[in-house]
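Those protein sequence lines, which keep their order, are chains A and B.
The numbering of the first sequence is numbering that gives the first Met the number 0, which starts it at 0 and goes up by one.
The numbering of the second sequence is numbering that gives the first Met the number 0, which starts it at 0 and goes up by one.
Bear in mind the hints are in silico, worked out from the structure with no lab data behind them.
Being a predicted model, the structure only gives us computed values, none of them experimental.
Don't take each hint at face value.
[Claimed, not checked] Some chain A residues judged to face chain B by a derived CB distance under 10 Å, without partners named:
1. 361
2. 363
3. 364
4. 383
5. 390
6. 392
7. 394
8. 399
9. 400
10. 404
11. 407
12. 411
Note that the Cβ used here is the ideal one computed from N, Cα and C, for glycine as well.
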Amino acid sequence: MRFADKKTSKKDPFAKQNYRHGFSFSTDNYSHIIKPGLSKKVVEEISHIKQESQWMLSLRLKALKQFEAKSMPNWGADLSEINFDKIHYYLRPSDKQEKSWKNVPAEVKETFEKLGIPKAEREVLAGVKAQYDSEVVYGSLKKTWERDGVIFLSMDEGLKKYPDLVREYFDKIIKSGDNKFSALNTAVWSGGSFIYIPKGVQVKLPLQTYFRINASNAGQFERTLIIVDEGASVHYVEGCTAPNFSENSLHAAVVEIVVKKGARCQYTTIQNWYKNIFNLVTKRAYVEAEGEMIWTDFNMGSKVTMKYPGFVLAGKAARGETLSMALAGEGQHQDTGSKAIHLAPHTSSSIISKSISKDAGRTSYRGLVNIGPKANNSKNTVVCDALLLDSKSRSDTYPINKVFNSKVEVQHEATVSKIGDDQLFYLMSRGISEESARKMIVNGFIADLVKQLPLEYAVEMNRLIDYEMEGSIG
Amino acid sequence: MTNNEQIQITKDKEKRIKIKKSGDYLIELNSKGAEAIISGSFLVNKSNDLNINLIIHHKAPNTRAETSLKAVGKDRARIKLVAKIVVDKNCNGVNSFLTERVLLLSDKARAEAIPDLEIESDDVKCSHAASVSSISEKQIFYLMSRGISKQKAEEMIVEGFLEN
Chain A
0 MRFADKKTSK KDPFAKQNYR HGFSFSTDNY SHIIKPGLSK KVVEEISHIK
50 QESQWMLSLR LKALKQFEAK SMPNWGADLS EINFDKIHYY LRPSDKQEKS
100 WKNVPAEVKE TFEKLGIPKA EREVLAGVKA QYDSEVVYGS LKKTWERDGV
150 IFLSMDEGLK KYPDLVREYF DKIIKSGDNK FSALNTAVWS GGSFIYIPKG
200 VQVKLPLQTY FRINASNAGQ FERTLIIVDE GASVHYVEGC TAPNFSENSL
250 HAAVVEIVVK KGARCQYTTI QNWYKNIFNL VTKRAYVEAE GEMIWTDFNM
300 GSKVTMKYPG FVLAGKAARG ETLSMALAGE GQHQDTGSKA IHLAPHTSSS
350 IISKSISKDA GRTSYRGLVN IGPKANNSKN TVVCDALLLD SKSRSDTYPI
400 NKVFNSKVEV QHEATVSKIG DDQLFYLMSR GISEESARKM IVNGFIADLV
450 KQLPLEYAVE MNRLIDYEME GSIG
Chain B
0 MTNNEQIQIT KDKEKRIKIK KSGDYLIELN SKGAEAIISG SFLVNKSNDL
50 NINLIIHHKA PNTRAETSLK AVGKDRARIK LVAKIVVDKN CNGVNSFLTE
100 RVLLLSDKAR AEAIPDLEIE SDDVKCSHAA SVSSISEKQI FYLMSRGISK
150 QKAEEMIVEG FLEN
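Kindly generate the complete structure, drawing on both the sequences and the hints.
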């Protein structure tokens, strides 16, 4: 009974009724389902199943204590509905990492088929790791990258194969005690990606991962570590979808990135969790001299998202950039933003945030710009634009600018507006229906950010916005 | 030392409010047509603190506010400007603008600029801007090339910055 509580999906009669996306299957074939709830025993069990070394177990247990000691953050979105005792902390669909597509279980395959993963992977992508619940089941990496020494594994594999490299950076950029949810993640993490790009290697096609939550109450606690060595560059894309379940699920990931001297890393997230999921993510990059970190962050799904990807500009002339887009509809709260920490001279950063609220949705920009005493000649620009589509919706901006240095330029700008009647009138006078005109204006509002995405995602993004805007005339 | 002030502005009234010292300020625009022009200019030197906490609360439609806070930090000054625009539900036709500008003249001086927005109506025009910087070398150079000493040039720029 410890491992096989196989009733999960049958407990939930609403799963089928509210079903909209059509990609949901029962989880009877899971090889391990640990009973819901969190305790020292659960953490030890996860570590034992994964056959981890002692240091990881100690780290997990230390993090569990920190998690228990910390109170829930009350400064942002409403998190009172999360019930930690009801969450499954570990799920694994099949026993071992599948090497070839043929061996992937049929129902897992069907889910992926509907997401269009196999085709996309064969034709365009450099490497795809498809995450079905807590473990990476299928993955491949094109041979060219392998020759260059690029490592792209699931975090669990990475820990087994490159224990020293993982140990050197794991829990260093984001300490387990950073916040309640980073502590939770460190205690029960499972899955996620481990990427190492060797010196001078330019990975031209984006590396991609698909994340899926597919069991009710399945908490996903991915842990991602990306190390971009000197002069190397990489673009990593994570995209998310999740089917409908009526109980609230929790997603608390941690992403740590090290950008070494002169290296470049772009991390793109397209977050479209189903609208009952709490998405509480901690992401941070440590950038050395002349390095560059770019976060492209699109948040459209989930019930509540709290995510503030940050960069610590630790080396001279390091650069950071965040492009953040949030869309909040009925019952959603997108509390997103970015953190720019300048520690070294001549560092520069920019944060551009665009948010759209509709049907009583709420978007909040929350940001921190901190320019330290040694960061002379540093520059930062923050621009936040918010679009409110109806009078029930809400938009907030909460920026913090802290400056401990006089030789700096820090600028912040924010505006809140709605679709102008004059804009609508102009388009409609050209024979465009009101609905299409609204879609055009909204797509135009976020066009600058969408351009930063790889092509197939940009197309998807425009379609998604169109879909979300459908029937929005009230 | 903290100052606590609440100001209510009623129908079709326009009020000019000057903020002169640290403290908590709440400015409420209670009924249609109320208008507030809020300003504050500060020169903070030695190891003095400036701590302004301002809320501009729009409680009725068609209310307007224009807020401008400016501070110059010298020596070991600590400056904290917190200002928030709040627009309640069903308050269409609100126009509210907020700027926070800080000039830092010493490396020991610190500044925190926090401009917040909380908007619950859609037919509004609201924006805020904040900046923290030092005096630009170009401005100093220009004045010095006109035969003005560096110190005098700085004084002139600070004076111009604070004056409006």
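Now for the hints, and whether the structure bears them out:
1. 361: 9 Å, holds
2. 363: 9 Å, holds
3. 364: 9 Å, holds
4. 383: With a minimum Cβ separation of about 8 Å from chain B (threshold 10 Å), the hint on residue 383 of chain A holds.
5. 390: 5 Å, holds
6. 392: With a closest approach of 7 Å, the residue 392 of chain A hint holds.
7. 394: 5 Å, holds
8. 399: With Cβ-Cβ at 5 Å, under 10 Å, it holds.
9. 400: 4 Å, holds
10. 404: 6 Å, holds
11. 407: Hint on residue 407 of chain A: holds, closest Cβ of chain B at ~6 Å, below 10 Å.
12. 411: 4 Å, holds
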